[in-house]
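Trainee: Use the sequences and the hints to build the structure in full.
Protein chains: 2
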Amino acid sequence: MSDQARPSPPPFDPERFRVEGRAVVDWIADYWATLASRRVTPDVSPGVVAGQLPPGPPEGPDSLAEVLADLDRIIVPGLTHWQHPSFFGYFPASASGPSILGELLAAGLGVQGMLWATSPACTELETKVLDWLRDLLGLPERFASIGAGGGVIQDSASSGVLVAMVAARERATGQRTNAAGLAGFDRPLVAYASDDAHSSVEKAAGIIGVGREGLRKIPVDHRGCMDALALATAMDADAAVGRVPFFVAATVGTTASGAIDPVAEIAAIAARHAAWLHVDAAWAGAAAICPEFRGELVAGADRADSWGFNPHKWLLVNFDCHALWVADRRAIVSALSMKPEYLRNRASESGAVIDYADWQVPLGRRFRALKLWMTLRMLGAEALRGHIRRHVSWASEFADLVAADPRFDLLLPPNLSLVCFALKAGDDATRELLDRVNATGRTFLTHARVGGRFAIRLAVGGGTTTRDDVLATWRVLENLA
Amino acid sequence: MSDQARPSPPPFDPERFRVEGRAVVDWIADYWATLASRRVTPDVSPGVVAGQLPPGPPEGPDSLAEVLADLDRIIVPGLTHWQHPSFFGYFPASASGPSILGELLAAGLGVQGMLWATSPACTELETKVLDWLRDLLGLPERFASIGAGGGVIQDSASSGVLVAMVAARERATGQRTNAAGLAGFDRPLVAYASDDAHSSVEKAAGIIGVGREGLRKIPVDHRGCMDALALATAMDADAAVGRVPFFVAATVGTTASGAIDPVAEIAAIAARHAAWLHVDAAWAGAAAICPEFRGELVAGADRADSWGFNPHKWLLVNFDCHALWVADRRAIVSALSMKPEYLRNRASESGAVIDYADWQVPLGRRFRALKLWMTLRMLGAEALRGHIRRHVSWASEFADLVAADPRFDLLLPPNLSLVCFALKAGDDATRELLDRVNATGRTFLTHARVGGRFAIRLAVGGGTTTRDDVLATWRVLENLA
Numbered sequence: 001m002s003d004q005a006r007p008s009p010p011p012f013d014p015e016r017f018r019v020e021g022r023a024v025v026d027w028i029a030d031y032w033a034t035l036a037s038r039r040v041t042p043d044v045s046p047g048v049v050a051g052q053l054p055p056g057p058p059e060g061p062d063s064l065a066e067v068l069a070d071l072d073r074i075i076v077p078g079l080t081h082w083q084h085p086s087f088f089g090y091f092p093a094s095a096s097g098p099s100i101l102g103e104l105l106a107a108g109l110g111v112q113g114m115l116w117a118t119s120p121a122c123t124e125l126e127t128k129v130l131d132w133l134r135d136l137l138g139l140p141e142r143f144a145s146i147g148a149g150g151g152v153i154q155d156s157a158s159s160g161v162l163v164a165m166v167a168a169r170e171r172a173t174g175q176r177t178n179a180a181g182l183a184g185f186d187r188p189l190v191a192y193a194s195d196d197a198h199s200s201v202e203k204a205a206g207i208i209g210v211g212r213e214g215l216r217k218i219p220v221d222h223r224g225c226m227d228a229l230a231l232a233t234a235m236d237a238d239a240a241v242g243r244v245p246f247f248v249a250a251t252v253g254t255t256a257s258g259a260i261d262p263v264a265e266i267a268a269i270a271a272r273h274a275a276w277l278h279v280d281a282a283w284a285g286a287a288a289i290c291p292e293f294r295g296e297l298v299a300g301a302d303r304a305d306s307w308g309f310n311p312h313k314w315l316l317v318n319f320d321c322h323a324l325w326v327a328d329r330r331a332i333v334s335a336l337s338m339k340p341e342y343l344r345n346r347a348s349e350s351g352a353v354i355d356y357a358d359w360q361v362p363l364g365r366r367f368r369a370l371k372l373w374m375t376l377r378m379l380g381a382e383a384l385r386g387h388i389r390r391h392v393s394w395a396s397e398f399a400d401l402v403a404a405d406p407r408f409d410l411l412l413p414p415n416l417s418l419v420c421f422a423l424k425a426g427d428d429a430t431r432e433l434l435d436r437v438n439a440t441g442r443t444f445l446t447h448a449r450v451g452g453r454f455a456i457r458l459a460v461g462g463g464t465t466t467r468d469d470v471l472a473t474w475r476v477l478e479n480l481a
Numbered sequence: 001m002s003d004q005a006r007p008s009p010p011p012f013d014p015e016r017f018r019v020e021g022r023a024v025v026d027w028i029a030d031y032w033a034t035l036a037s038r039r040v041t042p043d044v045s046p047g048v049v050a051g052q053l054p055p056g057p058p059e060g061p062d063s064l065a066e067v068l069a070d071l072d073r074i075i076v077p078g079l080t081h082w083q084h085p086s087f088f089g090y091f092p093a094s095a096s097g098p099s100i101l102g103e104l105l106a107a108g109l110g111v112q113g114m115l116w117a118t119s120p121a122c123t124e125l126e127t128k129v130l131d132w133l134r135d136l137l138g139l140p141e142r143f144a145s146i147g148a149g150g151g152v153i154q155d156s157a158s159s160g161v162l163v164a165m166v167a168a169r170e171r172a173t174g175q176r177t178n179a180a181g182l183a184g185f186d187r188p189l190v191a192y193a194s195d196d197a198h199s200s201v202e203k204a205a206g207i208i209g210v211g212r213e214g215l216r217k218i219p220v221d222h223r224g225c226m227d228a229l230a231l232a233t234a235m236d237a238d239a240a241v242g243r244v245p246f247f248v249a250a251t252v253g254t255t256a257s258g259a260i261d262p263v264a265e266i267a268a269i270a271a272r273h274a275a276w277l278h279v280d281a282a283w284a285g286a287a288a289i290c291p292e293f294r295g296e297l298v299a300g301a302d303r304a305d306s307w308g309f310n311p312h313k314w315l316l317v318n319f320d321c322h323a324l325w326v327a328d329r330r331a332i333v334s335a336l337s338m339k340p341e342y343l344r345n346r347a348s349e350s351g352a353v354i355d356y357a358d359w360q361v362p363l364g365r366r367f368r369a370l371k372l373w374m375t376l377r378m379l380g381a382e383a384l385r386g387h388i389r390r391h392v393s394w395a396s397e398f399a400d401l402v403a404a405d406p407r408f409d410l411l412l413p414p415n416l417s418l419v420c421f422a423l424k425a426g427d428d429a430t431r432e433l434l435d436r437v438n439a440t441g442r443t444f445l446t447h448a449r450v451g452g453r454f455a456i457r458l459a460v461g462g463g464t465t466t467r468d469d470v471l472a473t474w475r476v477l478e479n480l481a
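Protein chains in written order, with my numbering: chain D, 1 to 481; chain W, 1 to 481.
Think of the hints as simulated: they come from the structure by calculation, not from any bench. Hints should not be assumed to be uniformly reliable.
Unchecked claim - Derived, one-sided and incomplete: chain D residues facing chain W with beta-carbon distance under 8 angstroms:
no.: 1; residue: Glu20
no.: 2; residue: Trp132
no.: 3; residue: Ala381
no.: 4; residue: Gly451
no.: 5; residue: Gly463
To be verified - Keeping only pairs whose Cα atoms sit at most 25 angstroms apart, straight-line, the calculated SDA-like set for lysine to any residue is:
no.: 6; chain 1: W; residue 1: Lys424; chain 2: D; residue 2: Asn345
no.: 7; chain 1: D; residue 1: Lys339; chain 2: D; residue 2: Ser145
no.: 8; chain 1: D; residue 1: Lys217; chain 2: W; residue 2: Pro340
no.: 9; chain 1: D; residue 1: Lys339; chain 2: W; residue 2: Gly426
no.: 10; chain 1: D; residue 1: Lys339; chain 2: W; residue 2: Gly451
no.: 11; chain 1: W; residue 1: Lys424; chain 2: W; residue 2: Val437
no.: 12; chain 1: W; residue 1: Lys424; chain 2: D; residue 2: Pro340
no.: 13; chain 1: W; residue 1: Lys339; chain 2: D; residue 2: Asp43
no.: 14; chain 1: W; residue 1: Lys339; chain 2: D; residue 2: Val44
no.: 15; chain 1: D; residue 1: Lys217; chain 2: W; residue 2: Gln175
no.: 16; chain 1: D; residue 1: Lys217; chain 2: W; residue 2: Leu336
no.: 17; chain 1: D; residue 1: Lys217; chain 2: W; residue 2: Lys339
no.: 18; chain 1: W; residue 1: Lys424; chain 2: D; residue 2: Arg344
no.: 19; chain 1: W; residue 1: Lys217; chain 2: D; residue 2: Val333
no.: 20; chain 1: W; residue 1: Lys217; chain 2: D; residue 2: Asn345
no.: 21; chain 1: D; residue 1: Lys339; chain 2: W; residue 2: Ala439
no.: 22; chain 1: D; residue 1: Lys339; chain 2: W; residue 2: Ser199
no.: 23; chain 1: D; residue 1: Lys217; chain 2: W; residue 2: Met338
no.: 24; chain 1: D; residue 1: Lys424; chain 2: D; residue 2: Gly451
no.: 25; chain 1: D; residue 1: Lys217; chain 2: W; residue 2: Ser337
Where a beta carbon is used, it is the ideal one built from N, C-alpha and C, also for glycine.
Mentor: Written out as structure tokens, the structure is:
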């Protein structure tokens with residue numbers, strides 16, 4: 001029977017939300033204010049967190065105070081604090097106040113931007129903000145929405161390369177494989193990326209049916225940059241035996257060492273085979289906001305089919321926010337669009353609007369443009385440039401300290417804010433040093449293999465990081481070496 | 001040079017965040033408090049929102065007040081209000097206060113759960129909360145993390161079916177195609193789903209290289225349920241000519257009419273061909289939290305390889321939150337795992353932990369378990385059951401009104417809270433009525449094709465919806481018919 005009286009409180013009560021929202025905002029402010037005093041990484045063994053949680057689900061409601069108490073008692077001690085000022089591992093993924101507020105607004109509005117028609121402003125703000133960002137980074141006009149291209153927010157660079165590779169596969173096969181599958185296509189497709197390209201390129205090749213072995217890994221030079229001559233040779237050899245070189249991923253800022261592939265040269269080679277050129281600038285792309293770093297970061301972008309970077313890495317937008325631009329939006333839409341009856345609408349059929357579900361794997365999508373918009377507006381481009389410049393400067397200073405210490409090898413001059421170094425004593429000693437440094441809980445660094453050696457990486461990128469934090473990390477290293 | 005003095009304010013200032021966070025919380029509370037007085041859908045043409053935004057990005061910072069003013073002036077008038085009490089389109093995706101607070105906490109903590117080691121509590125809470133949810137829904141033990149299975153949060157049901165289909169492809173080809181690609185596999189793979197299955201199944205078949213034509217669409221009966229005999233015939237016929245039936249998607253609650261495929265029968269047929277059985281219960285799955293609805297929703301789940309539903313649809317967790325369970329987690333991990341040097345760590349190598357990046361397309365992941373945890377704890381299971389029950393009851397009442405009006409055909413008895421109906425006067429008249437009803441801005445419904453007819457759908461699922469809103473929508477329909 002119907003139930004007008006409502007036996008339980010509504011799931012959204014504005015007045016309750018006002019009170020509880022403030023409590024959570026205060027909890028977060030307190031968390032950030034005390035971050036520096038915490039260990040960066042937790043000291044927990046597998047199962048310790050889970051073991052403190054009840055085995056079964058709650059039947060009745062708990063108060064926010066009870067939940068926050070458990071958050072403090074059980075969850076927080078088991079976290080790696082990615083926003084900690086001394087987080088220098090992987091690439092930092094740094095949030096900012098404005099971006100968190102944007103995420104909160106997106107959750108509060110709770111709109112779905114799968115089609116223009118399902119919330120027009122969600123789509124139009126995204127298109128506009130990505131045009132702004134293209135402008136700020138000095139990316140070519142071909143990616144502007146006013147022409148044949150445009151930008152879209154994906155969750156991550158992995159998804160960005162996946163959709164680019166699907167579009168490339170379709171273009172290379174005359175739009176055949178999306179419908180008929182790859183089994184019916186008798187010439188093997190081949191993709192290319194450097195040995196140091198991100199693992200997501202290989203993962204995408206596996207997912208889309210080309211196969212991980214269908215990705216040729218091109219050697220890198222001593223700096224970690226793709227050897228363009230080796231790429232040309234490999235593509236020519238494949239084409240000569242009837243394979244189809246369909247996709248090249250150039251990396252601008254490799255994960256291992258921040259190396260920048262020679263994109264302009266690669267573009268010329270890819271063009272000879274009509275292969276799709278995707279530029280993965282996930283981390284380093286953000287630095288193109290500074291004119292003095294831009295040159296090598298966007299070189300060749302004017303010949304790329306797609307170009308992506310993560311504002312959620314180094315541009316102070318909280319995860320997830322990957323910005324992907326394409327030169328020809330029809331290529332991506334024709335590969336990914338699905339319009340069953342229940343999604344049809346006049347705006348889509350008019351061709352006058354963008355339906356972003358056609359640019360991605362999932363159908364649904366959050367209003368992620370809000371957090372990018374709020375970050376750009378409330379911080380402003382000049383503050384973002386200062387943020388990047390300080391990190392590059394501190395990394396340079398850190399590299400000088402490494403280079404001056406006779407026990408250490410600076411493996412490469414720093415690429416932007418990434419420093420790779422090792423002990424002269426060898427890989428085992430370097431690995432042991434890294435473990436001992438991280439075990440202090442006072443700083444956090446991760447490793448990679450650079451020029452065949454086990455390297456410690458210092459990636460400066462945290463929104464809360466100061467020069468003192470960088471120098472303090474050097475002192476920990478110096479003392480434990 | 002280094003820069004210790006900091007020329008611009010830090011991107012996260014706890015005291016500023018306290019003040020601005022409160023303002024945004026209040027903005028959201030005000031938005032929800034005034035939702036009912038707004039049009040559900042906006043009255044805007046393509047380009048109107050974009051045209052009000054500046055052409056270029058901001059150089060200097062704007063205040064939160066300026067940004068919120070633009071939000072009110074430019075963005076909100078261009079939104080479809082998915083949280084509006086009279087939103088009955090598609091399937092509602094309803095947030096709740098606790099889920100929004102969980103999203104806010106996840107953004108505030110800003111941790112990355114790609115590996116157990118990158119934030120252990122993020123992984124362990126997710127595993128535990130999905131075990132709780134399995135328990136609440138009465139799903140079989142095989143999906144519990146204590147055995148060979150386990151649950152994972154994906155962004156959407158589209159991504160859930162994609163990863164299930166990749167795992168199925170690998171299993172069917174002896175783990176060959178992930179490495180060698182599909183071109184090297186000479187027996188065509190065939191997937192199956194009903195004519196009324198979600199478009200994401202076909203999209204996934206295209207993406208993974210099987211091809212959209214490699215998905216056989218099995219006819220449905222007059223209720224929209226897959227014809228199991230037709231499935232058996234199709235699978236046998238494919239196998240007889242050397243094709244490989246590798247994947248079956250059964251739908252529990254189709255988008256068009258909420259129909260429930262006969263999963264137990266389908267499971268038996270799929271098993272004869274060793275095909276992977278994926279159950280897409282995106283919308284209807286939530287209702288399994290109520291014992292009285294559970295029976296037909298989980299029937300056959302004990303033989304499914306994967307089973308997914310969206311807490312973000314009808315369980316008051318804000319988008320995005322798709323819960324996917326697999327019976328054999330090795331199948332999904334072996335298809336999707338990538339561990340380049342820079343991600344290697346002792347915990348992963350011990351085999352004692354879950355690395356959720358191995359269960360999904362992207363590498364990075366947000367701490368989405370928090371919003372599920374907070375929703376379950378702060379509302380409690382019994383309130384969630386009441387939420388579902390009220391909607392089912394109101395939909396039944398609405399269906400009775402439709403059935404009693406001689407101008408209308410109730411096309412099917414309601415499936416849970418979904419009612420499909422049409423005018424006896426035919427498709428054109430029905431479509432015109434839908435347009436006129438939606439043009440009022442007072443309610444919002446969408447359409448589908450049901451039994452060949454153009455159908456108006458009323459999907460009750462909003463967290464703010466009351467019985468009065470459902471009845472008021474009937475009055476609008478009645479008056480305009």
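Trainee: If a hint holds in the structure, say so; if it does not, say that too.
Mentor: Going down the list of hints, with the structure as the test:
1. Glu20: holds (6 angstroms)
2. Trp132: For D/Trp132, the interface hint holds, since the closest Cβ of chain W sits about 4 angstroms away, which is under 8 angstroms.
3. Ala381: holds (5 angstroms)
4. Gly451: violated (13 angstroms)
5. Gly463: holds (4 angstroms)
6. W/Lys424 <-> D/Asn345: holds (23 angstroms)
7. D/Lys339 <-> D/Ser145: holds (22 angstroms)
8. D/Lys217 <-> W/Pro340: holds (13 angstroms)
9. D/Lys339 <-> W/Gly426: holds (23 angstroms)
10. D/Lys339 <-> W/Gly451: holds (19 angstroms)
11. W/Lys424 <-> W/Val437: Holds - the C-alpha atoms of W/Val437 and W/Lys424 are around 17 angstroms apart, at most 25 angstroms.
12. W/Lys424 <-> D/Pro340: holds (24 angstroms)
13. W/Lys339 <-> D/Asp43: Between W/Lys339 and D/Asp43 the Cα gap is close to 23 angstroms, so the pair holds against 25 angstroms.
14. W/Lys339 <-> D/Val44: This hinted pair holds, its Cα atoms lying about 22 angstroms apart.
15. D/Lys217 <-> W/Gln175: Distance of about 21 angstroms is within 25 angstroms: holds.
16. D/Lys217 <-> W/Leu336: The given pair, whose Cα atoms are some 19 angstroms apart, holds under the 25 angstroms limit.
17. D/Lys217 <-> W/Lys339: Roughly 16 angstroms between the alpha carbons, so the hint for D/Lys217 and W/Lys339 holds.
18. W/Lys424 <-> D/Arg344: holds (22 angstroms)
19. W/Lys217 <-> D/Val333: Since the Cα atoms of W/Lys217 and D/Val333 sit roughly 23 angstroms apart, the hinted pair holds (cutoff 25 angstroms).
20. W/Lys217 <-> D/Asn345: holds (24 angstroms)
21. D/Lys339 <-> W/Ala439: With a Cα-Cα distance of about 23 angstroms, the restraint between D/Lys339 and W/Ala439 holds, given a limit of 25 angstroms.
22. D/Lys339 <-> W/Ser199: holds (8 angstroms)
23. D/Lys217 <-> W/Met338: Within the cut-off at roughly 15 angstroms; holds.
24. D/Lys424 <-> D/Gly451: holds (14 angstroms)
25. D/Lys217 <-> W/Ser337: Cα-Cα ~18 angstroms, so holds.
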